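Turn these sequences into a full structure, and let the hints steer you where they fit.
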Amino acid sequence: MTVSANSTAEQKKFNIDTVEHAASTPDTPLPWAELGLKEDEYNRVVEILGRRPTAAELAMYSVMWSEHCSYKSSKVHLKQFGDKVTEKMKEHLLVGIGENAGVVDIGEGWAVTFKVESHNHPSFVEPYQGAATGVGGIVRDIISMGARPVAVMDPLRFGAIDHPDTARLVHGIVSGIGGYGNSLGLPNIGGEVVFDSVYQGNPLVNALAVGVMRHEDIRLANASGAGNKVVLFGARTGGDGIGGASVLASESFDDAKPSKRPAVQVGDPFAEKVLIECCLELFKASVVEGIQDLGAAGISCATSELASNGDGGMHVELTKVLLRDPSLTPGEILMSESQERMMAVVTPENVEAFEAIMDKWNVEYSWLGEVTDTGRLIIDWDGETIVDVDPRTVAHEGPVYNRPFHRPEWLDGVQADSFGEERPFGGEAVKNAVLELMASPNMCDKSWVTNQYDRYVQGNTALAMPDDAGVIRVDEETGLGVAISTDANGRYTYLNPYEGAKLALAESYRNVATSGARPMAVTDCLNFGSPEDPEVMWQFAEAVRGLADGCQELGVPVTGGNVSLYNQTGGVAIHPTPVVGVLGVFDDVARRTPSGWREDGQAIYLMGVTRDELDGSEFANLRGHLGGQPPKVDLQAEKLLGDLLINASRDGMIDAAHDLSEGGLAAALSEMALRFGVGARIGLDEVAERDGVDLFTLLFSESQARAVVSVARSEEVRFKDMCSARGFAHSRIGVVDTEIGALDFQGHFVLPLDELKEAHEGTLPKHFG
Amino acid sequence: MSTPLIGDYSAAPEDAALRAVRVGVITFPGTLDDRDAARAVRLAGGTAVELWHGDANLHDVDAVIIPGGFSYGDYLRAGAISRFAPLMEKVVDASKGGMPVLGICNGFQILTEAHLLPGSMIKNDHLKFMCRDQLLRVENNATAWTSGYTQGEGMVIPLKNQDGQYVADEKTLDELEGEGRVVFRYDGFNPNGSRRDIAGITNAAGNVVGLMPHPEHAVEAGFGPDSSARGDVALRGGTDGIGVFTSVLTSLVAGGK
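Top to bottom, those sequences are chains A and B.
In short: position in the first sequence from 1, add 237, done, that's my numbering.
In short: position in the second sequence from 1, add 8, done, that's my numbering.
Incorrect hints may have been included.
List of simulated lysine-lysine pairs, DSBU-like, C-alpha gap at most 35 Å [stated by the list, open to error]:
no., chain 1, residue 1, chain 2, residue 2
1, A, K521, A, K683
2, B, K104, A, K597
3, A, K1003, A, K316
4, A, K327, A, K521
5, A, K668, A, K1003
6, B, K179, A, K521
7, B, K136, A, K994
8, A, K683, B, K136
9, A, K869, A, K994
10, B, K104, A, K1003
11, A, K683, A, K994
12, B, K131, A, K994
13, B, K136, A, K1003
14, A, K312, A, K327
15, A, K876, A, K994
16, B, K131, A, K597
17, B, K98, A, K597
18, A, K1003, A, K683
19, A, K312, A, K325
20, A, K683, B, K131
21, A, K597, B, K136
22, A, K869, A, K668
23, A, K321, A, K994
Selected chain B positions facing chain A (in silico; Cβ < 10 Å) [stated by the list, open to error]:
no., residue
24, T39
25, V227
26, D234
27, A237
28, R238
29, A242
If you anchor each label on the Cβ, the simulated ranges turn out as follows [claimed, not checked]:
no., chain 1, residue 1, chain 2, residue 2, range
30, B, Y83, A, D562, 18 to 24 Å
31, A, P989, B, F92, 52 to 58 Å
32, B, P94, A, V637, 25 to 31 Å
Treat the hints as calculated values from the structure; they're not laboratory data.
Because the structure is a prediction, the values reported are computed rather than measured.
No residue lacks a Cβ here, since even glycine has one placed at the ideal position from N, Cα and C.
Here it is as structure tokens:
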């Protein structure tokens, strides 16, 4: 369809603050503080421009220099992810940090792009739309790399399960993710659901998307080639999401302030689905030179980033932007975070082909202007210049803060407070503890949530929840595919941010290896409190250091991600929660390992060593205790365990594998039995004696670098030889039994699967209907 | 180890007569399961033909599948806009001439909106989107799309929708039952409040079939449900849905296509 610009009658109803006007009225007071800028930041804008900014320029700088867009507090720490990457780690990286999402070479000419982002603040204010547009935003990041999105995952954290506000958030957020993701035709293959009162006023809604492309299809966000046309397409620009990045995502919540609901965007998944297909057709036809999605900071971000990543400047006419609401001011148009929009750069020769594809998909578009060689980003309103800036000063040269940080004084006391509650003793008490654990909000069955997501669409899902990782086939001919897992443990990170971040990485790495895939790359979503609090800033600095060190040790690079700060309400911050996503690769997804056993008579092995590590554990959490040090991380052991699991899967030695993490061996055995409803006889006395722990500790400790596998009798010798040759502890702890319908902990207690299942599956329906 | 390798499932040995059958799969804006339906046709031994809702003709296909999704976002009533697509007129005409037409999920909704099938779908009684592996019974194996099943045979295929509750007035329901036009019925568990546990129906001639669950997601070992009505299957090994696609190919070949 063809489109005309907004009528001039509408344009004239504003008093337009032009560059010329700004230069002649230096003393006009501007609302920089209301827009979230600090005084010194505003002064810097004036210094850069050599005059006061126009209203439109102020709008641009205020959103682009917000914490959310500029990473001004986190930048100085995040650079470790680049500094600590070795050449070897970059071997499979096609695109690294800094673009919309990183791209990894997975072989056979295929590339995969993936990234996790937060949509925490909007999801608290307006759960359905906040969560929905979180999915929409990350999916557009993936499209703008040139990839077809193939799956999503959602790590979620809520307040206490029985708090009166939690049901509102759970219902809204889960149905928002489902409502948007299901309508896009993207299988949802995993994630996390955690309940903890520290997230009461600050739920964490992180969204991960993964996309697939051929190497030659990679697209980048830059505007090159003077004379090339700049086009905005997709949904119209409206008044939703104005200030989403600045006043919403970059400040703490405070009851005294007015509702921030208008700052939340409203999603239209149908428009996004059409946008996906239409972009893929543009890529296939090679008619776009550069492309950028519109997310946080909308047109401000897209124009300044495209221009500053390119080789020149850009000149656009803002009245050409198609509006849903004709009363929007130029500043509002620049700041609007209306969803389902993209900006592209097209050569004049391709304009016609571009328009034909838009028309086929009934997507609206408008040509805004062109790429120039002036080095300036110039934005006009009806021919009069309202923005004249160096785009780099907007997009890349924002403020950088070395915020003060120090180790909290309270931490010594917390770390000294080791779990000292009475431990259940004797078969009956331990059995009851297992049931209590498996029914607890964090360990219970999550299918109430995951059954609201489509895991089948696209026909390539080889594993999904509740298995350790989501697995997607990329190439139907060869079976080449990827595995992804996301993990974080806020309690561990609270006790020790450096180790906690490494623990999140270790768990995610272990999950991917447990599914049988070789870990290749990392994305992270760093959820923390206010950077203006030196203790929070210390947690952040320590977590980033830990994650960067861990990635280096495991040899997997961070390819991109997101930082979400100001997750605090009334001065109380969330637990530091670095969510780590690891991507792994399969030569053939047929070799993926499920998390449950099925075959009668298979031997069950526990790999790894158990220590007395209950601090920060789920069991301690059930007793309301949080203190001590989190479990010890040994990344060399993780690497070794990962190699063994990958080899065992590839060579067909194991039929089931499950990593040990939250809830320890008790949770792992329960989940493996419940996966296909098949019981087992378990003998733990030998391994308890070997490791010098009692039955309860063996079952509930959260020692790392452990997994349980089931091994066919014919493969047992080969499996044991492999573990022995690599010097990795392994112990036969049982046999799969398809007849008994129970987990028989021989000599201690028998746990009928019916009873376990009832406890495990009842919790979420009981709370949420 | 009994787990079959992914992708090695084939419903039948390569057969030139089956491969010559052309099954069209229509894509509307917002269609999601089109590639899955096309894959199911290929795995069943036939040839899948992409059709665009704006196409002027059916490109010489022998049968048509209207796949699942949220055409036009389902913002009005599911399927209410798609029925007006130019290609739908051709589908309606062809179906009257006896061409086999299958509507899955949103496709079923479109077929009811186009009045090729009676009744309608409203929101699930529990008001949530639901994705689950669902047991069905084949209640009529005389249609073009179910001839490969035995009467009363069970099948486990994925169900995934928000608006899946089949409703019709009592008279229509009685007619459907009386004429044997209930093709699939939910077995054991009614997932959405559908009247009389109806999961799928056919027209009087038996060439047009609509159902809410997704047979095209249970056609390839390794990517289907964890269970099967035909006995124990390995992880995601359920392929009970493939019979829907082999049925139409074999019935077209037998009919002299």
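Consistency of the hints with the structure:
no.: 1; hint: A:K521 - A:K683; in the structure: 39 Å, violated
no.: 2; hint: B:K104 - A:K597; in the structure: 29 Å, holds
no.: 3; hint: A:K1003 - A:K316; in the structure: 45 Å, violated
no.: 4; hint: A:K327 - A:K521; in the structure: 28 Å, holds
no.: 5; hint: A:K668 - A:K1003; in the structure: 22 Å, holds
no.: 6; hint: B:K179 - A:K521; in the structure: 52 Å, violated
no.: 7; hint: B:K136 - A:K994; in the structure: 23 Å, holds
no.: 8; hint: A:K683 - B:K136; in the structure: 15 Å, holds
no.: 9; hint: A:K869 - A:K994; in the structure: 31 Å, holds
no.: 10; hint: B:K104 - A:K1003; in the structure: 50 Å, violated
no.: 11; hint: A:K683 - A:K994; in the structure: 12 Å, holds
no.: 12; hint: B:K131 - A:K994; in the structure: 29 Å, holds
no.: 13; hint: B:K136 - A:K1003; in the structure: 16 Å, holds
no.: 14; hint: A:K312 - A:K327; in the structure: 21 Å, holds
no.: 15; hint: A:K876 - A:K994; in the structure: 33 Å, holds
no.: 16; hint: B:K131 - A:K597; in the structure: 31 Å, holds
no.: 17; hint: B:K98 - A:K597; in the structure: 20 Å, holds
no.: 18; hint: A:K1003 - A:K683; in the structure: 12 Å, holds
no.: 19; hint: A:K312 - A:K325; in the structure: 24 Å, holds
no.: 20; hint: A:K683 - B:K131; in the structure: 23 Å, holds
no.: 21; hint: A:K597 - B:K136; in the structure: 33 Å, holds
no.: 22; hint: A:K869 - A:K668; in the structure: 27 Å, holds
no.: 23; hint: A:K321 - A:K994; in the structure: 45 Å, violated
no.: 24; hint: T39; in the structure: 8 Å, holds
no.: 25; hint: V227; in the structure: 8 Å, holds
no.: 26; hint: D234; in the structure: 7 Å, holds
no.: 27; hint: A237; in the structure: 17 Å, violated
no.: 28; hint: R238; in the structure: 17 Å, violated
no.: 29; hint: A242; in the structure: 7 Å, holds
no.: 30; hint: B:Y83 - A:D562: 18 to 24 Å; in the structure: 20 Å, holds
no.: 31; hint: A:P989 - B:F92: 52 to 58 Å; in the structure: 56 Å, holds
no.: 32; hint: B:P94 - A:V637: 25 to 31 Å; in the structure: 57 Å, violated
Checked against the numbered hints above, the structure breaks hints 1, 3, 6, 10, 23, 27, 28, 32 and satisfies the rest.
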